[in-house]
Structure formats: C-alpha cells, structure tokens
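There are 2 protein chains.
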Amino acid sequence: MTIQEVASKLVDLCSQGKFQEASKALYSPDIVSMEAGAPPGGSRESKGLEAVLAKGDWWTANHEVHSVAVEGPLIAGSHFAVTFKMDVTFKAQSRRFRMEEIAVYKVTDGKIVYEEFFYSM
Amino acid sequence: MTIQEVASKLVDLCSQGKFQEASKALYSPDIVSMEAGAPPGGSRESKGLEAVLAKGDWWTANHEVHSVAVEGPLIAGSHFAVTFKMDVTFKAQSRRFRMEEIAVYKVTDGKIVYEEFFYSM
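Chains as they are written, first to last, in my numbering: chain E, 83 to 203; chain B, 83 to 203.
Don't take every hint at face value.
Pairs involving identical chains hold if they fit within one copy or between any two copies, as the list cannot separate such chains.
[Stated by the list, open to error] As a list, the in silico DSS-like pairs of lysine-lysine whose alpha-carbon atoms are at most 27 Å apart:
1. K173 / K137
2. K100 / K173
3. K106 / K193
4. K91 / K167
5. K193 / K167
6. K106 / K137
7. K100 / K167
8. K193 / K91
9. K167 / K129
10. K167 / K106
11. K137 / K100
The hints are simulated quantities; they were obtained by calculation from the structure and are not laboratory data.
Please build the complete structure, drawing on both the sequences and the hints.
Encoded structure:
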C-alpha cells in the first residue's frame, strides 16, 4: 500500500471506532508508539505490535466512546498526521471528557512503523 | 491570539517564505525546537528564541528556496500540524532536492512554545 492508502484506511477505520482493527491491519510487527506523557512508573514508549495492542485493549476496556471524529490526513514524504477528537467516559471514575490530539505516523514499506501522539495533560 | 489565529498566521507567513518573520512574530522566548535528527556532534533540540533564529539564519544562508507549499493546519486542543513541501538547493554542494516534512506545534498563551519536525533522512 502507498502512504496515501495506509492513511486513508487508518482514517476510515478509526472514524468507525475500529482502532484495534486499524492497528492489526496497518502496523508493522516492530511498531514503536510514543505517548505525550508516561503513565505513573511507566514509559512513554511502547515497542512491538503486541505491546501496542495491549495498550489499546486497556484503553478500550476502560473508556466508553460516545463519539469520535478524525480529520486529515496531511501527508509529507514518509509521514502523515491526523487529529482525533473524542467524547469519552473514563469508566472507573464515571468522568466524561473531550480528548483532542494530533497523531503523527511514519510509514515504511506499506506499514506504520512509528506513531506519536501530541496532547496536553 | 487563539491557536487558530497563530496557525493561520504561521501558514500565511511561511507560504511566502517568511520563516524568520514567523518565528519572531509567533514564538515564545522559551521556544523548544526539535529536529528529526541531530547534526554531527550536535543535538536534535534547540532551546530559546535566539538559538532557533540562529538555526533559521544558517538554513536561510545555506539554501536557495525555489518554491514552498504549506498545507494545513490541522488543529487539536493546544497543538496544530502543517506540512512543508519545498524545492531547494543546498548551496555548498549545488544540490537541488525536494524536502517534505510534517511540523507539529504547541501553543500556550497565544505563543508557540514547542515545534517538532518529522521527515526521513
């Protein structure tokens, strides 16, 4: 797949809330995922598809997604950027909030090999 | 200025090749600028407006810009992203090449406080 095709498929799947399906279809086994901040005692960085899917599983299990909007992509060379704007409830605290972030992806040989998220904490 | 106004002004000035003017108008004195890679013996990171303007001065002195296109912005929360696509010649080697990159900016109190560039090397 070209970077345009990868980006379009990611936007399409994520717009439907199918985040894990997007990861399984589009990510390299060697994906590196970088959050804006580290969880307590943890790292900003997750390495490998298994770790990234586990992070997604935790997120999905702990949040109820009321709506998600994806804008973009902007594509330049081997990278593309999108925005995610979500209305979610963190189940453990019944706390509903809006999440807005920019995600940047790097594509090599038709697979996403790096992702980084930008948001304020 | 709101983040929308900051982003619009950056796109407007940079589309005209006025990169240094954009920095002077929109950057915080405490700007942190992160390149995709470090120069030999240097750092990926430049701190402070003076250092960032010096980096820009070096770039301007050493490249001839034939054309520049800016796409975006995509805005999410306190961050926005744009792409830069430039046709430039590196004067020292008379080497003409296309540069494509994604830039992510963070805005606090109407000023850009962080920028990071994504490109392949």
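Hint by hint, here is what the structure shows:
1. K173 / K137: Cα proximity of K173 and K137: one copy only (16 Å, versus 46 Å across).
2. K100 / K173: within (19 Å within a copy, 48 Å between copies)
3. K106 / K193: within (10 Å within a copy, 38 Å between copies)
4. K91 / K167: both (18 Å within a copy, 23 Å between copies)
5. K193 / K167: both (24 Å within a copy, 23 Å between copies)
6. K106 / K137: This pair counts as within: shortest intra-copy Cα distance 13 Å, inter-copy 40 Å.
7. K100 / K167: Intra 14 Å, inter 31 Å, cutoff 27 Å: intra-copy only.
8. K193 / K91: within (12 Å within a copy, 34 Å between copies)
9. K167 / K129: within (25 Å within a copy, 30 Å between copies)
10. K167 / K106: Intra 22 Å, inter 31 Å, cutoff 27 Å: intra-copy only.
11. K137 / K100: within (14 Å within a copy, 42 Å between copies)
The structure meets every hint from the earlier list without exception.
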